[in-house]
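Fit chain B to the known structure of chain A by using the hints.
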Amino acid sequence: MNIMTETALESAVNDKMNGTPNETIKMRGRKVCVFYGEKQALFDVDLDVRENQVTALIGPSGCGKSTFLRCLNRMNDTIDSARVAGKITLDDEDIYDPKIDVVELRARVGMVFQKPNPFPKSIFENVAYGPRIHGLARKKGDLDEIVETSLKKAGLFNEVKDRLHEPGTGLSGGQQQRLCIARAIAVSPEVILMDEPCSALDPIATARVEELIDELRQNYTIVIVTHSMQQAARVSQRTAMFHMGYLVEEGETDKMFTNPDDRRTQDYITGRFG
Amino acid sequence: MTDIPLNGIANGTVARPRRDIGLKRRYAAERRFRIYGVLAISVGIVFLAVMLVTIIGKGYTAFWQTTATLPITFDANVIDPENKRATDPNVLITANYPKLAENALMAKLGINPDDKVAARKLKGFLSDGARAQLRTMVTDDPSIIGTTRNVEILVAANIDSAFKGQIDLSVDESRRKVSDQQVTWMKQLAAEGSLAEHFNKGLFTFGASSRPETSGMGVAIIGSFYMMVIVLLLALPIGVAASIYLEEFAKKSRLTDLIEVNINNLAAVPSIVFGLLGLSVFINFLGLPRSAALVGGLVLTLMTLPTIIIATRAALAAVPPSIRSAALGLGASKMQMVFQHILPLAAPGILTGTIIGLARALGETAPLLLIGMVAFVADRPATPLEPSTALPVQIYMWANEAERAFVERMSGAIIILLIFLMAMNITAIVLRRRFERRW
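Quick note, the sequences are listed as chains A and B, same order.
The first sequence begins at 1 in UniProt numbering and counts up by one.
The second sequence begins at 1 in UniProt numbering and counts up by one.
So that you can see chain B by itself, here it is in the shape it has in the complex:
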């Protein structure tokens, strides 16, 4: 083949014919496999993108809320027409506060206070949440009666939607929820600068409400927080202790095999079954309060335990046997070997497993429905024993509402839940990277 005989290839020897070892076929198979891989990942990315775009597109407006800034006169004649507030504290609670806001709005819009038709049309303009807002201001500081203050008042959900441009104004007036007159007023107020969008703090502080503009995830966030703390405090120590015992101390026997199989099965049990268990054990048998974050936390602990145990056992088993021999060979007791060498090396794996388990628990809805956490809870719970809801349950409840403003809030809540989950998973990855470098 070549003119120059090299490396002792003797002249006259025939070059050996090249064998067909199926290279073409092998490379083709590899190419096909790569294409499948790229396809699979692309499909995944497309679906993820569609999901994110839909949710964020629908939900980002939930973080802004329209308010009207009005100079409200705390008129003693409206709040306390019979001047009995010194003797009867109920007067300040039952007073007609919406009237104050209405009067201020009418004055602002230049409507004659006696114009009954206009007054009726104005009724649905401001949120009924103004009642509670103004009442709190007065009961906190009764001395403001008789003065005039600039107050930011939430507008009704329909006006909010209209102001955000979510209501199609070309539709016939009788078939939409905002009248032409209201739109005119809205534009007038906006032009004066008293109607504007602000960051929606209420979304994070309000509890449940039948009015979208005054409903928020405050209760759900607190409930979820309590549950996460309970799950972390219970599932992590119990799970890690159980794994260490099973992996390092227990003699392998039929019993430990059985336990192992059962733990793996438990990890696959549908979460609603854990909800039923929680209902019958924690609520019916132990008599713990319904709808409480404590019960939710206990149920989620049961659900998270198998995940943590499996992750921890895998992490412990992954520590090389040479480290065990080294510690034992130096005369370390088994306990010292486990806690001074094995556990620190397994910590990144345990942490990752725990955080992923927690993230799963945070997004869990079904078991919470069964223990009554799907409830209308307006007040923020002070302790885990008081009724509360959870983030995913809040999403579920809002998903059942029809109004545009609830849909927007539902998507907003999903965004927040996703941010929490993403933050937890990123923490898991960062922790793992960080600790693994030392290994």
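Excised from the complex, chain A in its bound form:
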């Protein structure tokens, strides 16, 4: 028992050690402000997203964490009244630069939404759609391969390999969300944004997705918005705490959860408000 615990701890420490050496900053937000019409939703947020790490955004409802996430692939552009100020870079390129094509940006920064939203098409078509519109598959065989590897990476392939041509909407909620993840992976993005990906899932499906997130970290940079403290603690390497549109605190997850600098973070994590 004792030995087991020690080994587990050791491996956990090793994991963390192995997980942290890459400190390259993939995306950088500086003085990001977002307005919805007259109302300001985000105030001067400075936040970095490190490569091949999971960054969790936490905070009470309406604190601006989803708004910030949606800035990272300019999904806020689709809201007529939304306006973004400040600077966000991807590999040191300003993504709000007029020269940057938003379609190309979204091919590099994929997104998984709160509610599983597969297209009302077959499982295959769901995954193949992205590669197809971006011309990633030259031959029919390429497409099959992309679909298969994406589904495998999303841990869904074995469950659906016999019914690739059945509608994606017929899967269970957890499977649908993994299908959406597979769909996002299929475009080979560099960053994957996840907006409360488990909020509509049961605990078992949640555990499955969390495992998946941990695996995906090897190849992708992940930013995840979550309402679950435990989830943030389990999957992320770094955590950012938002409150009332301000970034309260940002740092390594371990430190945030054990010894936060800010009183509000501590209160929120311990469940005193939120």
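Keep in mind that the hints were calculated from the coordinates and are not lab data.
Accuracy of the hints is not assured; some may be wrong.
Claimed, not checked - Some chain B residues well away from chain A (every beta-carbon gap over 12 Å; in silico): (1) Lys108; (2) Glu260; (3) Leu276; (4) Ile323; (5) Leu330; (6) Leu345.
As the list claims (entries may be wrong) - Think about it this way: if two alpha-carbon atoms lie no more than 25 Å apart in a straight line, the pair counts; the simulated PhoX-like pairs of lysine-lysine are: (7) B/Lys123 - B/Lys187; (8) A/Lys39 - B/Lys251; (9) B/Lys58 - A/Lys99; (10) B/Lys99 - B/Lys123; (11) A/Lys99 - B/Lys187; (12) A/Lys161 - A/Lys140; (13) B/Lys334 - A/Lys115; (14) A/Lys139 - A/Lys161; (15) B/Lys334 - A/Lys121; (16) B/Lys164 - B/Lys251; (17) B/Lys99 - B/Lys187; (18) A/Lys87 - A/Lys121; (19) B/Lys99 - B/Lys177; (20) A/Lys39 - B/Lys252; (21) B/Lys177 - B/Lys164; (22) B/Lys177 - B/Lys58; (23) B/Lys58 - B/Lys187; (24) B/Lys24 - B/Lys58.
Note that the Cβ used here is the ideal one computed from N, Cα and C, for glycine as well.
Just chain B now, kept in the frame of chain A:
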């Protein structure tokens, strides 16, 4: 209240008195509402049933027509008494064809050809349509002159009505349109089997005519068909394109609000106003031909556009935003999002709106009256530029006639129009069901 204390209800505690939360009143209100509903639906069903029974009762006979099968001798002495047909082609056109039919009828009834009184009474027995029918036979094939053929000849409308039992024969002879002598002949021919009712093909092929037995909806059906095609080809693409632009691409501004209000208003504009617009723009200004199905189609397109645009916009707006986010999040362009995801999902709604719009256009009469489609058109139009009428207009024209046979045809035309409309609406429902299942 109960002897056995359950679930921790302690002994000695008094059962809480039941509050009056107005349950009785609430259920009574619901019952009343249900009764109103049933009443409203029953009234509707009664009126529908009365309408259908009246129309079908009056109209089903229009689908049968009485004809007399007569052995007609194409007598050269009657057709061409001076034997000039080789040199003068007009002879075959102006020949006295009704005489041929009359002779055949007299022979059949055993009347002496010299009996002038009987001959006069016989005049109104056969339809004058026999002239055109026999002329066509001879001009198509002049070699039949001199031979005898069995030909089905339409009887006059009054004889047809009498044969169908629609004329009250107990009325004094001088006050009805069929004489006793004609009734006797009718019965004689019927007994021999040469007078009989057949399916009325003419109802679907003939054009306008002053004689009921030779008038039909042929021109109206073709006219309505042309107009539907024109409306479909113009209103569907224009309407869908306009809706997509307004709903998906246009920035919301005061201008788009104004356009939206105007589209909704246009949908409520009385159709006769569209007729006036068509008259002044398409006929007076652009100089398109009067009474043409093309103009009718254009006017009905204008009238149908708002309906299609409203239905399409509603269908587009009903596609869940999550699908839009999913497509955009994958890096689809706006155009790809609209055409590959939104439009297919909105298609059932668009189809339904279009078919309902078309059905409305098919039944529209007022604007067509103004652009001259209420006309006496005897020949079937070969192109949409030639004069034609439309189904509802044909009904309107027949409704103005007094004869029993026209009333019957009017009801028959209504039945056909209703069948068309019902078929279109059923198609809309079937399509919607079918596509929605995939969603």
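Going down the list of hints, with the structure as the test:
With 12 Å as the threshold on Cβ separation, the claim that B/Lys108 sits away from chain A holds: the shortest Cβ distance comes to roughly 71 Å. The Cβ of B/Glu260 lies farther than 12 Å from every Cβ of chain A, with a closest approach of about 15 Å, so its non-interface assignment holds. With a cut of 12 Å on Cβ distances, B/Leu276 stays outside the contact zone with chain A, its closest approach being about 39 Å. A cut-off of 12 Å between C-beta atoms contradicts the statement that B/Ile323 is not in contact with chain A; the least separation is 6 Å.
At the 12 Å boundary, the C-beta of B/Leu330 falls inside the reach of chain A, the nearest C-beta of that chain being 4 Å off. Taking the minimum C-beta to C-beta distance to chain A, about 7 Å, the non-interface status of B/Leu345 is violated against the 12 Å cut. The hinted pair formed by B/Lys123 and B/Lys187 meets the criterion: a straight-line CA distance of about 17 Å does not exceed 25 Å. The suggested pairing of A/Lys39 with B/Lys251 holds, with an alpha-carbon distance near 20 Å, which does not exceed 25 Å.
A distance of roughly 74 Å separates the Cα atoms of B/Lys58 and A/Lys99; the hinted pair therefore is violated under the 25 Å criterion. Distance hint between B/Lys99 and B/Lys123 is fulfilled; the C-alpha atoms sit about 10 Å from each other, no more than 25 Å. Our distance criterion of 25 Å between C-alpha atoms is broken by A/Lys99 and B/Lys187, whose separation comes to about 93 Å. Between A/Lys161 and A/Lys140 the alpha-carbon distance is near 17 Å, which keeps this suggested pair within the 25 Å criterion.
A threshold of 25 Å between alpha carbons decides the hint, and for B/Lys334 with A/Lys115 the separation of about 21 Å falls inside it, so the pair holds. Note on A/Lys139 and A/Lys161: the hinted pairing holds, with a Cα-Cα distance of about 21 Å set against a maximum of 25 Å. Distance check on the hinted pair: B/Lys334 and A/Lys121 sit about 19 Å apart at the alpha-carbon level, within 25 Å; holds. Between B/Lys164 and B/Lys251 the CA atoms are separated by roughly 66 Å; this puts the pair beyond 25 Å, and the hint is violated.
Distance check on the hinted pair: B/Lys99 and B/Lys187 sit about 22 Å apart at the alpha-carbon level, within 25 Å; holds. Proximity of A/Lys87 to A/Lys121 is assessed by CA-CA distance (about 37 Å); at most 25 Å being required, the pair is judged violated. Between the alpha carbons of B/Lys99 and B/Lys177 the distance comes to roughly 22 Å, so the proposed pair stays at or under 25 Å and holds. Distance check on the hinted pair: A/Lys39 and B/Lys252 sit about 19 Å apart at the alpha-carbon level, within 25 Å; holds.
Of the pairs offered as hints, the one joining B/Lys177 and B/Lys164 holds, with about 14 Å between alpha carbons and a cut-off of 25 Å not exceeded. Distance restraint check for B/Lys177 and B/Lys58: the Cα-Cα separation of roughly 20 Å lies within the 25 Å cut-off, and the hinted pair is therefore satisfied. Between B/Lys58 and B/Lys187 the alpha-carbon distance is near 24 Å, which keeps this suggested pair within the 25 Å criterion. Between B/Lys24 and B/Lys58 the alpha-carbon distance is near 51 Å, which puts this suggested pair outside the 25 Å criterion.
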